[in-house]
Amino acid sequence: MSDSRSEPGQEEPGRDEAGRAGPPGAAPAAKRRRRSLWLLVVPGVLYCAAPVVANSIEPRILGVPFLLAWIIMATVVSPVIIWVAARLDPAYRADAIEPIPADDVPGGAAEGGEERGPAATGGPA
Amino acid sequence: MSGSAAIATTIFGLAMVATIAVGLLSARGRDKGLAEWSVSSRGLGVLFIWLLMAGETYTSFSFLGTAGWSFSFGVPILYLVAYLTTGFAVAYVVGPALWTYASRHRLISIADMAEHRFRSRPLGMLVAVVATIFIVPYIQVQIQGMGVVVNAMTYGSIDLRVAAVISFVVAEVFILVSGLRGSAWVSALKDVLVIAVVVFLAVYVSMHFVDGLGDFMHRMVTEKPEWLTFPGHESDGLDGTWFVTTLLLNAVTITIFPTTVAGYLSANSPNALRRNAVLLPWYQLLLFIPMMVGATALFVVPDLKNPDLALFSLVTESLPAPLVAVIGVAGALSAIVPMSVFMLAIGTLWGRTLLGGGNGADPRSRRSGSAPADDMRTKRLSQLVCLLAGLLALAGSLFFPNTLVQLSVLSYQGLAQLVPAVLLALYWRRMPAAAAVAGMLVGLTVMTLLWATGNDPLNGINGGIIALAANLAVTGAVTWLRPARGGPPAVAPQDRAPDTATATREAK
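So the protein sequences, as listed, match chains A and B.
The numbering of the first sequence is this note's numbering, which starts it at 1 and goes up by one.
The numbering of the second sequence is this note's numbering, which starts it at 1 and goes up by one.
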């Protein structure tokens, strides 16, 4: 009982995940440490700091009032930071799926999307 | 009708015909099922995801409200750029996470996902209803925004109400036929126009009305310093605390907006979404231009009665009719694209979860929705709701232009109350349906009370974030007080089937 007919795209994730998960024997990408994701807090911190450390007109940067210059700086720096976070992220390099901790069978791996426990390995559909 | 008005009206008419044509053509040769209509068969690559999601972030508010806030208050409007950019950092993780969960279990909306996660169709229905309550006003805002833009660009010759009806018809025609893919294609047209128009405005306004950007900044600093630091000019509480709390709340909330999620789910791979989190923030730089134009209006039309017209009053005053029309078309498409996705999102929320019998994850509900005939039935129901939601918003904009719009102020705060049930639940296995429902209801109550008693923002703190804190506290308390049952019940066998091959291959 499967409604796969209605959704041609649904096999995609499986194929990508298995096909590009790295060399045999390597730890699945999603399971590796993804420390670079901590960089993703930088944009939020930059903007949240604006009213605290930059709520003034002086000093003006190239004529632009300081608060506005700070926000523009944050808006230019943020995509660069997100790009660095992605480049250092093993899941990005492998085009791996995102781990969903609540979506694994109890008793299987505590987190990560790659172990489904015994129930899942019962053979093809 | 004057010559200028005739030219502008003609160009506007042609643009609307072109929009419908592009929207309809996009569906040629595509699958006719529900998944194609609501999430483009999960087949959009980086380029179309970018176009679609850029189209959703640059709405008619960008032309009207952004310039208007800049004119009236000054720097508080920077919250818009701040939360959108921060939101993309959040979306780097959340987008692929929602995509993974939804594509693994073939889900099409946040209500569908909540139903599946908690194995509870009533919870899915609650999510759908709450989301709808806070989205319909948004459609109305876009319809009315379109009315204002079209009225201004045709020098008053197209009535506000006529423009509202036109926007509704155009958006419904292509969204009903082509679904999300239609929006993505129209977005391509729109994004090209918006980028061209905004770059033009940046050069033209700074040269024509002031003596270059340097002179503009100098005049702002010497004549309008109040606009340049928090809390801005007579902004009634939009201070630094408000800025920080609002940007944090909105940055998280926008990642579960039903329209944003429609974009996520239509991606063909997780990396299409991760790349977008890198690319889309650059688009936000365009938002600084309407802000500059709005501030320029302070020197040109200081007595402007309707601040929302700050941008268009400068444009219609100084430019020839064809250019005014092109700028107006960009503004009109900026209303039509988000409007169409909002209507589609409501249709998708209702079609399966509320009317179509659910997705079968709830053990109490028996759904036979696996047959292609049921898929078509669910799609028809979704399209019907998509039409009705649009009609409701249109009626609101024609007969009660102010009532629903007040509710749209609360959209982000209201949708934020869905974050624990839709997002946190994917990371916290123990959270039961009872905790999600209790938290959501408490959050919505707190938010409504704060707003109704005039305490939003409360000492500068966004009411939505206070409500979300209460929501999370209740969710956590109910989860910890209940005996642990090992998370969601075991998954039905048919549900696991598509994963099996993946899991075995991966285990090697």
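Think of the hints as simulated: they come from the structure by calculation, not from any bench.
Please read all numbers here as calculations on a predicted model, not as lab measurements.
Where is the CB? At the ideal position from N, CA and C, for every residue including glycine.
Heads up, some of the hints might be wrong.
Have a look at the derived ranges for each label pair, beta carbon to beta carbon [as the list claims (entries may be wrong)]: (1) Val84/A with Gly476/B: 17 to 27 Å; (2) Arg93/A with Val169/B: 40 to 50 Å; (3) Gly212/B with Val53/A: 24 to 34 Å; (4) Phe400/B with Val52/A: 37 to 47 Å; (5) Pro122/B with Arg87/A: 35 to 45 Å.
Results of checking the hints against the structure:
1. Val84/A with Gly476/B: 17 to 27 Å: 33 Å, violated
2. Arg93/A with Val169/B: 40 to 50 Å: 47 Å, holds
3. Gly212/B with Val53/A: 24 to 34 Å: 29 Å, holds
4. Phe400/B with Val52/A: 37 to 47 Å: 41 Å, holds
5. Pro122/B with Arg87/A: 35 to 45 Å: 44 Å, holds
Checked against the numbered hints listed earlier, the structure breaks hint 1 alone; every other hint is satisfied.
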